[in-house]
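**Q** Each chain, letter by letter, is given below.
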Amino acid sequence: MLTTITVKGMMAAMKKTNPSFLNGVPELLVLRLLARREMYGYQIVEEIRAQTGEALSFGEGCIYPYLHYLEAEKQVSSRRQEVEGRNRNYYKLTARGRKRLDELTTEWKRVTTGVALLMEEEHA
Amino acid sequence: MRDFIETLRRRLVELGCPTSQVRRLVREVADHREDLKHAALADGLPEVGAETRADVQLGDPLALAEQLMVTLRRSSWWGRHSVIGFGVVPLLAFPVLWLLLLILELAAGFALGYGWDPKKLPAAGNPVGIHHLGMAALCAHYIAIALVTLLFCWLARRSAVSLKWMVTACTICSVYALFVQASIKPHSFAVGVSWTPHWIEAAIPLLIASAIYFFQRRTRQRFREKVVV
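First to last, the protein sequences are chains A and B. Numbered according to our numbering, the first sequence spans residues 1 to 124. Numbered according to our numbering, the second sequence spans residues 1001 to 1229.
These aren't lab readings, by the way, just hints derived from the structure by calculation. Every residue gets a Cβ at the ideal spot worked out from N, C-alpha and C, and that includes glycine. Misleading hints may appear alongside valid ones.
[What the hints assert, rightly or not] Here are a few chain A residues that sit away from chain B, every Cβ distance over 10 angstroms (derived from the structure):
no.	residue
1	LEU28
2	ARG32
3	VAL45
4	ALA50
5	LYS74
6	ARG86
7	ARG88
8	ASN89
9	ASP102
10	THR105
11	VAL111
12	LEU118
13	MET119
[As the list claims (entries may be wrong)] A short list of chain B residues far from chain A (calculated; beta carbon distances all over 10 angstroms):
no.	residue
14	ARG1024
15	GLU1034
16	ALA1040
17	ASP1043
18	LEU1058
19	LEU1068
20	PRO1095
21	LEU1147
22	VAL1175
[Unchecked claim] The following label-pair restraints were derived from C-beta to C-beta distances:
no.	chain 1	residue 1	chain 2	residue 2	range
23	B	TRP1199	A	LYS92	20 to 28 angstroms
24	B	THR1219	A	GLU73	23 to 31 angstroms
25	A	LEU117	B	ARG1217	37 to 45 angstroms
26	B	THR1052	A	GLU73	32 to 40 angstroms
27	B	GLU1006	A	GLY85	34 to 42 angstroms
28	B	SER1210	A	LEU118	54 to 62 angstroms
29	A	GLY53	B	LEU1091	27 to 35 angstroms
30	B	PRO1046	A	GLU73	41 to 49 angstroms
31	B	THR1019	A	VAL115	39 to 47 angstroms
Can you build the whole structure from these sequences, using the hints too?
**A** Structure below.
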């Protein structure tokens, strides 16, 4: 479950140096999904599960405080909308969220490149 | 459906989650449960089976409430660093904030009442004027203590930390209020620390903490009784 990682991910927002390996991953995943289109909580949980081959998953229901945190940080905005007779809170990325996504993507690529280099060296 | 959501809502209220957050979290979890149920129905499960699967996927509502509260607390700096935020920051911030507010209040008072005209300020030889000015300074002193205390109470409430942290911050404010003083006398405006305890000032933060505690308790009782999702 990604719940514990979520907590660390939020902590990472405060840290400026030496982020641990998985810090910021939930944030990256959620922002990445919302960069494509606006989504509601259930959709986000399902998309993460499906698109990571069920390797990663949010605890059902635990995504909401996290989304509220991102909203408080003005990285996402939300609106209540009725679709097919059902009301849902839709979340979408803001300009600040997009900037944060770029930062996290750069950081993630840097980390994965470093890990890949190390793994290749071990195999060689 | 109602049982799961009701249990979740009651537990969130018991854990001290702000009521606005409770409404929103419960509404979104209820939506989420509906989505899980619809997915189960789409998989061919009957109504009861779909509801059961949705409940199983969401897990124990009490545990979910605890998880939601942990995440909620950790989503703010004050919630993550409660010891620093409500044990250390008030120690450092109270004197600064109190003095700043006191100066602002007095400045606003003089600006409104006297228009910064020194000729209109009561002369040192006018005991009535000096008395009024002294009373104004004392009121500003009380208000500054109350505002600093309210600030920490608001932060505690907003970050959904446990009551002990609000009480800790209020106690620190109370201890400071016991010794800080502001007074106006002829030819002098004194701000500082006095070893003579000021019990009325010290009571202000504690009264505020008590009032907030009883207000929260009443709100929770009312909110708990509602059966609206």
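**Q** Under the constraints set out in the numbered hints, which ones does this structure not fulfil?
**A** Violated hints: 3, 6, 7, 8, 14, 15, 18, 19, 23, 25, 27, 29; rest satisfied.
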